[in-house]
Each structure stands twice: as C-alpha cells, then as structure tokens.
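Q: The whole structure should be built from the sequences, with the hints applied where relevant.
Line by line, the protein sequences give chains L and S.
Sequential numbering from 1 applies to the first sequence in the working numbering.
Sequential numbering from 1 applies to the second sequence in the working numbering.
No lab work stands behind these hints: they were computed from the structure.
Incorrect hints may have been included.
[Unchecked claim] Simulated coverage check for chain L against chain S, where a stretch passes if three residues somewhere in it have a Cβ under 8 Å from a Cβ of chain S:
#1 95-102
#2 179-189
[Claimed, not checked] Listed below are the simulated DSS-like cross-link pairs for lysine-lysine, each with C-alpha atoms no more than 27 Å apart in a straight line:
#3 Lys216/L with Lys155/S
#4 Lys48/L with Lys109/S
#5 Lys205/L with Lys106/S
#6 Lys69/S with Lys97/L
#7 Lys105/S with Lys145/L
#8 Lys105/S with Lys48/L
#9 Lys105/S with Lys136/S
#10 Lys48/L with Lys104/S
#11 Lys155/S with Lys108/L
#12 Lys69/S with Lys103/L
#13 Lys184/L with Lys155/S
#14 Lys69/S with Lys48/L
#15 Lys97/L with Lys109/S
#16 Lys103/L with Lys136/S
[Stated by the list, open to error] Residues from chain S that face chain L, not an exhaustive set, calculated with beta carbons under 10 Å:
#17 Ile81
#18 Glu92
#19 Ala164
Quick caveat: nothing in here was measured; it's all calculated off a predicted structure.
All C-beta atoms, glycine included, are put in the ideal place defined by N, C-alpha and C.
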Amino acid sequence: MNITRRHLLLLLPAAAVAWKQVLAGTPESSPNYTMSQHWWGMLIDLPKCIGCGNCVRACQAENDVPDGYFRTWVERYHVSDYDIENPQVDSPDGGKKGFSPLKAEGGKNFFVPKLCNHCAESPCTQVCPVGATFISPDGVVLVDKTYCLGCRYCVQACPYGCRFIHPKTETAEKCTLCYHRITKGLTTACCESCPTGARQLADLKNPNDPIHEFLKTHSVQVLKPQMATHAKVFYSGMDGSVR
Amino acid sequence: MHISLYPVESGIQPERCGTSLRRKRSVAGTTMQAFRDSGHLFRLAAVFVVGLLLFLVIRAALVPKSFGKYGHYRGNAIAEIAARPVDFAGHEACESCHTDVLDKKKHGKHAHVNCEACHGPLARHADDPASVQPPKLDPAALCVRCHEANAAKPKSFPQVASAAHSTGLPCDSCHQPHSPAISGGAK
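A: In structure tokens:
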C-alpha cells in the first residue's frame, strides 16, 4: 500500500491518540481491596475525648497538612448553665498543642473533634464544575488534585467547614479518611494515635464491624442533620449545643 | 436522479420526479427551486461534520481514559490517592517485633494506647528497623499532653496539675510509661 504524505498527515493524529491511550495505564491499586465491599465512616465517642491533640498532629504528619490548616481539628466547648444556646467555642491552633486551662468558671466543658463527615449526599461534590471531587465507590469524599481548578466552590459548599485551599498547590484539600491507609487494611492516622479510643474508623458494609453493635445500643447523632447530607461521622454522647 | 433546472409552468408532471411531495411542488410551480442553490447547504453540513469529528478527536485526546469509570470523575485518581506511602506503621507492625513491650503493656492502664500515640509515626523504622531508629521521647512533655488537668476533660480520666503533683520530678522517675501504675512497685 502506498502511503502518500496526505495519508500520513491524516494518520498521525489518530496514531497519537491511540498511543496516548496505550500509555495511560491504570496505576497499581491495593491488592485484596475491593471498593464495593466497603462503606467507610467514623465513630467519635465524645465522652472519651481528652483534647490531647494527638489526632491533629498525626493527621498533619501523615498527610503533610500545611501549618495553620487542618483536615481535622479539636474544638473546646464551654456551655454556661444560663445560656445553653450560645456556647463559647475555642480551638487554639486546631487543638494541635492541647488546651490551656479554661478562663471561664463553671458550666459544662467538653471537647469535640471535627473532620470531614464523608457525607453520602455531599454538597461539596455536587458543586464541583469539573469533576475534581467525588464520592468514591467505598463512600470516601476525595479530591483529584490534578483536576482541581481551585475555584473554591466546594470550600463554600461544605456546611462543616472541612475544606481549604492548599497555599502552595492552590487546589482544594480535605480529609481523605487516610484513604492510602484504609485501603491497605490500616486504620486512619487519627484513630491510630488516639490514646483513649475516642475516634474509631467504621466500615458500615462489614457486618463484623463493632460499629453496628454500637449504633444499635447508643444514642448517636451526626452534625447538622437538618442539612440532609447523610453524614457518616457519628457522634456519641454529643451535647445539643454542638454546632 | 434527474433534476429539472427549470420550474415547471404547466400542470404536466415531470416524468422522473420521485416523491409525491416533489410532484405536488412541481404542480405549484416551484419544483427544485429549493434545491437549485443547495450546494451551500451541503458545504455547511460538511463543515459541521468535520467540526464534530474534530471535536470528538480532541475530546478523546484530552479526556483521561479512566474518566467516567465510576462516575463523573477520573477513576485513576482513586488509585493515585491510595498509592501514597503511610507514615504511621500501625500497632500490629510494632507488636510483631516488640513483644516484650506488649507483655509489659497488656496488664497496665496503657494497654489500649497504641504505640505511635506516644512514639510518633514510625513506618520508616518498621520498614527498616536496623538503620532508622525512633527518636528519644521527653516524658516531661509527653505525659502532660494527656494528663494535665483541664476542666473540659472527662472526669473519669486521670489528670493532675503537674507542677503540684511532681514538684519538678520527671514523670518516669515514679511511673513507667508502658505500665504507669505505682502500686505494683516501680520497676
């Protein structure tokens, strides 16, 4: 067959496209991990939290979170007996260095660790204009850094304030529920380093996970249930003043 | 197909016109008028077809292969995020070698505290125990992180005002961190 210059010019783009498809192989995924067999969430047993900040430090070490930004943080609530609707909340440096003694006397005081709620109906993934953030088949809300434009829609959409723009990459950042760990059979960095077991990773599709027994036998809440986000971070023993 | 270039004025139908539609038009005296200058329409259609093909080719080149594999996002992003190396080895990794510490811990109050909660992330050490040594810990900073008294901590959690409690002595002069109770006699 005679290939003229005209034919070659026509063939080249097609060949380039074909070659690109060949090169774009699938990266190696974790063996023995099937996404469809998991549905991840977290349990936070508030009466166990001592506000040590281990989770915040562990998250920063594990995920290279820049200083002053947080994928998880701890809040301290001070609820006066006379004004339970207006709690005083502080979180100095995200609770990373612990908490100094309270200035206010009396009232009710407790810690509330916060992180991405990995909502099953997440507002943040719905507003992304380019498909850079999504809910993975195993229920984890993730960000594709190579696709993110840094438009900040998702940062505004999250009702829990769990997203930020990375100061260097200018892309959206958030808790990945340590996706690189849970797919290898490990627990998250925050759960691994929690000394009291206040944070526990939960696999809602695993019938042997203790989360099922816990949910059956305890009063459990999610944050801002009125937002209908179907949050999967469950708080046990949470006071009504928590926002 | 034969197309008459001239409008048919009379009521006589042209012999080779195919459809009844054309026949009707010819009766009305406008036969083929619509097609007489139709070349530009076909050229326009050709431009659209070429444009569409070009769009499809460029789209195929630019949209990643895995986009849409699981939903409206790049499917390979999941594996890329999962490929990140871990920093915390996990307590199973520690316990596979340090069984002596595990024995010491298991009857004490710190039995449920994972190794890396105090020792920090040590996956590098777990990967290569010979060359990567864990850093020495400072009990003065470490113990008070959890046990310094704070009104917001749960009442059942053991807490002390460290300045008054130890009078400056390091915690580990009385308490052994892996099994902190003194009652059994300080080891």
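Q: Count the residues of the segment 179-189 of chain L with a beta-carbon closer than 8 Å to any beta-carbon of chain S: does the count reach three?
A: holds (count 8)
Q: Taken at face value, is the distance from the CA of Lys97/L to the CA of Lys69/S at most 27 Å?
A: violated, 42 Å
Q: Can the restraint linking Lys48/L and Lys104/S be considered satisfied, given a maximum Cα separation of 27 Å?
A: Distance ~24 Å between Lys48/L and Lys104/S Cα, so the pair holds.
Q: Quick one, are Lys48/L and Lys109/S close enough, alpha carbons at most 27 Å?
A: holds, 15 Å
Q: Take a quick look at whether Lys69/S and Lys103/L sit within 27 Å of each other, Cα to Cα.
A: violated, 54 Å
Q: Can you confirm whether the C-alpha distance between Lys216/L and Lys155/S stays at or below 27 Å?
A: holds, 26 Å
Q: Next pair to validate is Lys155/S with Lys108/L; report whether the Cα-Cα distance is within 27 Å.
A: Distance ~12 Å between Lys155/S and Lys108/L Cα, so the pair holds.
Q: Hint check: is the beta carbon of Ala164/S less than 10 Å from a beta carbon of chain L?
A: Since chain L brings no Cβ nearer than about 13 Å to Ala164/S, farther than 10 Å, the hint is violated.
Q: Does Lys184/L pair with Lys155/S here, judged by a C-alpha cut-off of 27 Å?
A: violated, 37 Å
Q: Need the status of pair Lys103/L, Lys136/S: alpha-carbon distance at most 27 Å?
A: The hint is violated at about 34 Å.
Q: Given the hinted pair Lys69/S and Lys48/L, is their Cα-Cα distance within 27 Å?
A: This hinted pair is violated, its Cα atoms lying about 41 Å apart.
Q: Has the given pair, Lys97/L with Lys109/S, been kept, meaning a C-alpha gap of at most 27 Å?
A: holds, 24 Å
In summary, the structure is inconsistent with hints 5, 6, 7, 12, 13, 14, 16, 19 from the numbered list given earlier, while agreeing with the others.
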